[in-house]
Amino acid sequence: MNESRVWQRFLSGRRLDLANPAAFDFEDTDIALGLSRVARWNGATRGEFAYSVAQHSLDVLAEVRRATPASRLSLKLELATLLHDACEGLLGMDVITPLKPFLGPAWRRLEDGVQRAVHTRYGLPFPLPAEMTRRIKKADKALAATEAVQLVGLTPAEARDPATFGMLEPPLDRTLEPWPAKRAEEAFLTELRRLEAFMAGKGK
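Numbering (the working numbering), first residue to last: 121 to 324.
The hints are simulated quantities; they were obtained by calculation from the structure and are not laboratory data.
Keep in mind that the hints are not guaranteed to be accurate.
[To be verified] Simulated restraints, written as ranges between beta carbons of each label pair: (1) T295 <-> K261: 33 to 43 angstroms; (2) D148 <-> L223: 24 to 34 angstroms; (3) A143 <-> F318: 26 to 36 angstroms; (4) R228 <-> D137: 13 to 23 angstroms; (5) N140 <-> G243: 15 to 25 angstroms; (6) L195 <-> V215: 23 to 33 angstroms; (7) R135 <-> P282: 39 to 49 angstroms; (8) R125 <-> G167: 32 to 42 angstroms; (9) L288 <-> V215: 14 to 24 angstroms; (10) R313 <-> A142: 19 to 29 angstroms; (11) A187 <-> F144: 40 to 50 angstroms; (12) R313 <-> A277: 22 to 32 angstroms.
[To be verified] The calculated lysine-lysine pairs, modelled on BS3-like cross-linking and capped at a C-alpha distance of 25 angstroms, are: (13) K261 <-> K196; (14) K257 <-> K220; (15) K258 <-> K196.
In this text, a Cβ means the ideal position worked out from N, Cα and C, and glycines have one as well.
With the sequences and hints as input, model every part of the structure.
See below:
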């Protein structure tokens, strides 16, 4: 009997080995395309277009930039923020929170392995330093609360209810308008390549 296939082929021609993901199993374009076609909230959001993980990642980056003092805002923090959900683009899904307990620790190991490969490719530590993780998570949760109220239709009280969603960050004072997938893909790829160029030029 043939062994089960354990790799994913991308449009770039690269193959991601799920059992042993490596830093050059994928290209920038594979991450951008994948994230632009993965929907937040299982796609159950208002509007003509799904709110993609690519757009979410850009919005989290905007919030980190807004909330972080200039003296603490490094290129690595910006790049780590943009790529904080990169594994979801390469694996093709954003697993909603209620589903994760059913998938067990094997899924977490798979996500961590792919995310580690992403960090290796872009010169980021894995795991990230505690302060960097804290800033990204705070912005991520604030965006989630904003999405919940504006796009999912929850009230702020429902979003903050610990018995259901328990989002401790309040919604942001900004309007979210989901983009077409192509726009999200191009915007994400442009930002990724811009940050890559700065990292290569400044080495930090």
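Here's how the hints hold up against the structure:
no. : hint                              : verdict
1   : T295 <-> K261: 33 to 43 angstroms : 19 angstroms, violated
2   : D148 <-> L223: 24 to 34 angstroms : 28 angstroms, holds
3   : A143 <-> F318: 26 to 36 angstroms : 19 angstroms, violated
4   : R228 <-> D137: 13 to 23 angstroms : 18 angstroms, holds
5   : N140 <-> G243: 15 to 25 angstroms : 20 angstroms, holds
6   : L195 <-> V215: 23 to 33 angstroms : 29 angstroms, holds
7   : R135 <-> P282: 39 to 49 angstroms : 43 angstroms, holds
8   : R125 <-> G167: 32 to 42 angstroms : 36 angstroms, holds
9   : L288 <-> V215: 14 to 24 angstroms : 21 angstroms, holds
10  : R313 <-> A142: 19 to 29 angstroms : 21 angstroms, holds
11  : A187 <-> F144: 40 to 50 angstroms : 33 angstroms, violated
12  : R313 <-> A277: 22 to 32 angstroms : 41 angstroms, violated
13  : K261 <-> K196                     : 20 angstroms, holds
14  : K257 <-> K220                     : 18 angstroms, holds
15  : K258 <-> K196                     : 17 angstroms, holds
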